[in-house]
Amino acid sequence: MTGDEACAEGALAAGCKFFGGYPITPATEIAEHIAKRLPQVGGVFIQMEDEIAAMASVLGASWAGVKSMTATSGPGFSLMLENIGLGICTETPCVVVNVQRAGPSTGLPTLGAQSDMMQARWGSHGHYEIIALSPSSPQEIFYQTITAFNLSEMYRLPVLIMTDEIIGHMSERVVIPEASEIQLFNRIKPEEKSMPYWPYIPGADGVSPMAVAGEGYRFHITGLTHDEKGYPVMSAEAHVHMVERITEKIKRNISHIIDTEGYYLEDAEIVVVSYGVSSRTSLSAVYEARSMGIKAGLLRLKTVWPFPEAILRTLASRVKGFVTVEINLGQIHLEVQRCVGGNVPTFFVGHAGGTIIPPEHVLSVLKDAF
Amino acid sequence: MSIQSDQSDQQTHPLDDLLRKDRIPHIWCPGCGIGTAFSACLYAIKSSKLDLDHVSMVSGIGCSGRGAGYINLDSFHTTHGRAIPFATGLKLANPDLTVVVFSGDGDLFAIGGNHFIHAARRNMDLTVICVNNLNYGMTGGQVAATTPHLAKTTTTPAGNPETPFNLPLLAYASGATYVARWTILHTRDLTESIGEAIQKKGFSFIEVLAPCPVNYGRRNKLKPLDVLRIYQEKSIIKHFASPSELHLDLEKGITLGKFVDQDKPTWLDMYYKTTRKKS
Amino acid sequence: MELWRIPLDRDHIQTMQGVVYILDERCKGCGYCIEFCPKKVLGVSKHFNRKGYHPPIVKHQTECVNCHFCEIICPEFAIYSKPLSVTESQNPQVTV
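Chains as they are written, first to last, in the working numbering: chain C, 870 to 1239; chain P, 241 to 519; chain X, 10 to 105.
Don't read these hints as lab results, they were simulated from the structure. Warning: the hint list may mix true and false statements.
Straight-line C-alpha distance at most 25 Å; calculated SDA-like pairs for lysine to any residue [stated by the list, open to error]:
no.	chain 1	residue 1	chain 2	residue 2
1	C	Lys905	P	Thr506
2	X	Lys55	P	Glu436
3	P	Lys261	C	Thr1094
4	X	Lys60	C	Val910
5	C	Lys1171	C	Lys905
6	P	Lys286	C	Lys905
7	P	Lys440	P	Tyr512
8	C	Lys1062	C	Gly934
9	C	Lys905	P	Asp509
10	P	Lys261	C	Glu1061
11	P	Lys517	C	Val910
12	X	Lys68	X	Gln23
13	X	Lys49	P	Leu462
14	P	Lys463	P	Ala398
15	C	Lys905	P	Met510
16	P	Lys478	P	Gln439
17	P	Lys504	C	Gly911
18	C	Lys1062	P	Thr506
Bound-form chain C, shown alone:
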């Protein structure tokens, strides 16, 4: 099964019942697969007129109470960011997959890259927190799609899966577990009798219970700065309050959200930081380096945003250096540098996109670092 198909299967396993799509290489196969599968489980697939509409329909479906998603690649992701912002502001759970290809602009549609990572973080205007996952295999994209739905339902926001063409088109064995083995989380509903219902009164974990259309709550939501009632309020105080709420709900739950995987970190002197397909080539470089006696380790970011800052800072206090590996000219590398704070040297391996990073490139940096 390809990564794209595994993503669609993961969505179905998570209970996704609506997909608003628009064809784009290399994400089309997700739409194609789920278009076939959704009617079989009582869901709806619609190919909208563009990515803007696709994203808007996904938000609408979520407010009608179903788990909804879309999938795209760079140019489409640019168009979706407008309504991803609406999803963040109105706290709408949904999942957006970006099967990254090389940009800018139309770029290399059929060849992979990891160059939308900063766009994923800051691409929609305004200040916000986002959750972005990065899978490194078809099996992992299956599980991460489920995780993405769970996180979006738990924290009420669009969750991004930042995969790439290489994982999307890679064909590997994927094990789909029994439904009973999959843990699902569904959004917290308001208590039956809590009328009048205000959509943005935060619960204990900072997340507000969510009513949906047709339940009789008669709520209002808006992309304007709003108060707990969901009503527009045009003041700096209200804005500070709202932005604090939508950022704090992520920040205070950061340890639950962030997921990383470490290889040889216990005694590592030099740590490779990578994610997605690049973490696979990085791992083989680290194995090779170890066989040569270099004390290398790998920190694989399964969650890229929010950035695992605390883990990086802890490592920075005891290792001699970091190497960031990604298919761009240095995006997550900037984050690594920020966290390391100049205490130890940071190296970078990457290129503008179109192919994977060969393990030898990583290895040569590991060899020459010290």
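Starting from the known structure of chain C, arrange chains P and X on it as the hints suggest.
Same frame as chain C, now just chains P and X:
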């Protein structure tokens, strides 16, 4: 004899139960026609006998886009131009909902024009009410896709060089099953028409002509009362007139009426039919 | 020019009488209700509301036929009418 005036808040307007009273007065300017179009929409919803818990309103951005913020139902104020695709997702994920899109001409036909024609083509089961005030009011009176040729706006100070859309023709050509045009002065017909459109299965479109006194009217020497007098004197009600022959100017008049009322399977009907057929 | 035909049964048909209610504080003074009242029941008041507009006042109450046109043309939800009988029972302070 003595007459009641508003000495206390005890008086209840017949629409107060459908209004978010804590948000009234609304933001619309004195003489703005959106309030009347909105009121017609509320009367139509109120008399529809629908379970109001299953009625949602979706708006885009702009003056008319504020509509969703004043209705005391599940209501969604979305991004600029995107009310229709948002409403599409809402409707498809819960077909039991009646979804009304209330927005303006700039929102629905310029930035959102693509979404409009495709929703009409698909025969998505939505009711779209477009308040056409001939310009972008919220941003201060810029030229729109509906501004008459030669009209003055802040971005066409020498007069609009472009030709406006004929909205009912566009809706009809795109596949809408119900198309009507009224002015806010014809509010009884308008209310009745919105009522029909809401009951109608399929994509319904109603254009409502409304004055924008502050931004359009001021620059084109049209006081709101004069605009309503024009509506009174120049309107010709011509049901089932050919959408390609509708007029909207001071010389030939303003053609109003219900132009299209046809039955076609909706998107969801056809989706079920095609995806559930036995192979 | 008004070209209304006078109904043949006009003598024995009773026209409904209505009472107009005005929510002064909602009014923005557009004048639509005054201009388009078919019976010219309303006029412009001299007093200001809190926002500085002149709300309408009822000048010829007995002329009101409870057609609701003021109610449905008003963009502000600021005026409505009720049939006289209902009004009398609910608001005994209204005298005619």
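Could you grab the alpha-carbon distance between Lys1062/C and Thr506/P and see if it respects the 25 Å cut-off? Violated - the C-alpha atoms of Thr506/P and Lys1062/C are around 36 Å apart, more than 25 Å.
Hinted pair, alpha-carbon criterion (25 Å max): Lys261/P, Thr1094/C. Please report holds or violated. Distance of about 20 Å is within 25 Å: holds.
Lys49/X and Leu462/P: Cα distance at most 25 Å? 23 Å, holds
Hinted pair, alpha-carbon criterion (25 Å max): Lys440/P, Tyr512/P. Please report holds or violated. 19 Å, holds
Is it true that the CA of Lys286/P sits at most 25 Å from the CA of Lys905/C? 40 Å, violated
Given pair status - Gly911/C, Lys504/P, alpha carbons within 25 Å: Holds, at roughly 23 Å.
Given pair status - Gly934/C, Lys1062/C, alpha carbons within 25 Å: 19 Å, holds
Is the hinted pair Lys1171/C and Lys905/C satisfied, with a Cα-Cα distance of at most 25 Å? 29 Å, violated
Pair hint Lys60/X and Val910/C, alpha-carbon separation not exceeding 25 Å: 57 Å, violated
Compare the distance between the alpha carbons of Lys478/P and Gln439/P with 25 Å, and conclude whether the hinted pair is satisfied. 22 Å, holds
Does Lys55/X pair with Glu436/P here, judged by a C-alpha cut-off of 25 Å? 41 Å, violated
Please verify whether Lys261/P and Glu1061/C have alpha carbons no more than 25 Å apart. 24 Å, holds
Going through the hint list in order, the structure does not satisfy hints 2, 4, 5, 6 and 18.
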